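Protein chains: 2
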Amino acid sequence: MKTINVKEKLSLIHDLWKPKVIAELNGQQVKISKVKGEFVWHDHKDEDELFFILKGTMIMEFRDKKAEVGPGELIVVPKGVEHRPIAKEEVWMMLFEPQNIKHSGDVISDLTVDKYEKI
Amino acid sequence: MKTINVKEKLSLIHDLWKPKVIAELNGQQVKISKVKGEFVWHDHKDEDELFFILKGTMIMEFRDKKAEVGPGELIVVPKGVEHRPIAKEEVWMMLFEPQNIKHSGDVISDLTVDKYEKI
Numbered sequence: 387m388k389t390i391n392v393k394e395k396l397s398l399i400h401d402l403w404k405p406k407v408i409a410e411l412n413g414q415q416v417k418i419s420k421v422k423g424e425f426v427w428h429d430h431k432d433e434d435e436l437f438f439i440l441k442g443t444m445i446m447e448f449r450d451k452k453a454e455v456g457p458g459e460l461i462v463v464p465k466g467v468e469h470r471p472i473a474k475e476e477v478w479m480m481l482f483e484p485q486n487i488k489h490s491g492d493v494i495s496d497l498t499v500d501k502y503e504k505i
Numbered sequence: 387m388k389t390i391n392v393k394e395k396l397s398l399i400h401d402l403w404k405p406k407v408i409a410e411l412n413g414q415q416v417k418i419s420k421v422k423g424e425f426v427w428h429d430h431k432d433e434d435e436l437f438f439i440l441k442g443t444m445i446m447e448f449r450d451k452k453a454e455v456g457p458g459e460l461i462v463v464p465k466g467v468e469h470r471p472i473a474k475e476e477v478w479m480m481l482f483e484p485q486n487i488k489h490s491g492d493v494i495s496d497l498t499v500d501k502y503e504k505i
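Going down the list, the sequences are from chains A and B.
The numbers in the working numbering rise by one with no breaks, and the one at position 98 of the first sequence is 484.
The numbers in the working numbering rise by one with no breaks, and the one at position 26 of the second sequence is 412.
In short, the hints are calculated from the structure, not lab data.
As the structure is a computational prediction, the values presented were derived from the model and not from experiment.
Glycine residues also receive a C-beta, built at the ideal position from the N, C-alpha and C atoms.
There may be inaccurate statements among the hints.
What the hints assert, rightly or not - One-sided and incomplete, this derived list gives chain B residues near chain A with beta-carbon spacing under 8 Å:
id, residue
1, Asn391
2, Lys393
3, Val416
4, Glu447
5, Val463
6, Val499
7, Tyr502
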């Protein structure tokens, strides 16, 4: 039951595409991440995923369309929907998703994180 | 899969202590609320609750201590822990919590909301 300062936690992140856990509740985790460039196409079979953008603008590509998500905006990607986050400039985000979610679904890439560090 | 602008959603809220649902995922809801003054002491038997402050400073009182939560800060109140949010000035917040949570636990007050409106 302590106050968590998101900016302070963000200052501890020095690598891209490596989400860190800052809070847990109800089997869900709150993560923060800094990203730049393109992630891999993937989906999550059983988990919906929320992206809340804190800085920069993320393009969320879907197979048939794309969405632009800027600071103070969020998007929910439902389970089973293929998506690819793209950040032309560095983007800082907060994620809200189940604690057992796999970073890049069943796709393995150089960016895949196996275990989420808590900070 | 559409972008949700939190500030735009906040501009639709004209009443205090009445959380509105802006997104749903994995049996959880994202709500936003404007509050001012003191809420009632209560707990949630089965649900953890996350408060992410967007504007103003909230005091979260517990029976044995209190925490100050300012803009860009969050706090998780675990299930079963009695708490009372206090806002000396108007506070805008985002909430993450299970979709079946009762607003003021088993306590009924003038501020209790029975059904959460989606905006």
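Hints, one by one, checked against the model:
1. Asn391: With Cβ-Cβ at 5 Å, under 8 Å, it holds.
2. Lys393: holds, 5 Å
3. Val416: Check passed: Cβ of Val416(B) comes within 7 Å of chain A, closer than 8 Å.
4. Glu447: violated, 11 Å
5. Val463: holds, 6 Å
6. Val499: violated, 20 Å
7. Tyr502: Tyr502(B) check fails; min Cβ-Cβ to chain A is 16 Å, beyond 8 Å.
Violation of the numbered hints given earlier is confined to hints 4, 6 and 7; the remaining hints are satisfied by the structure.
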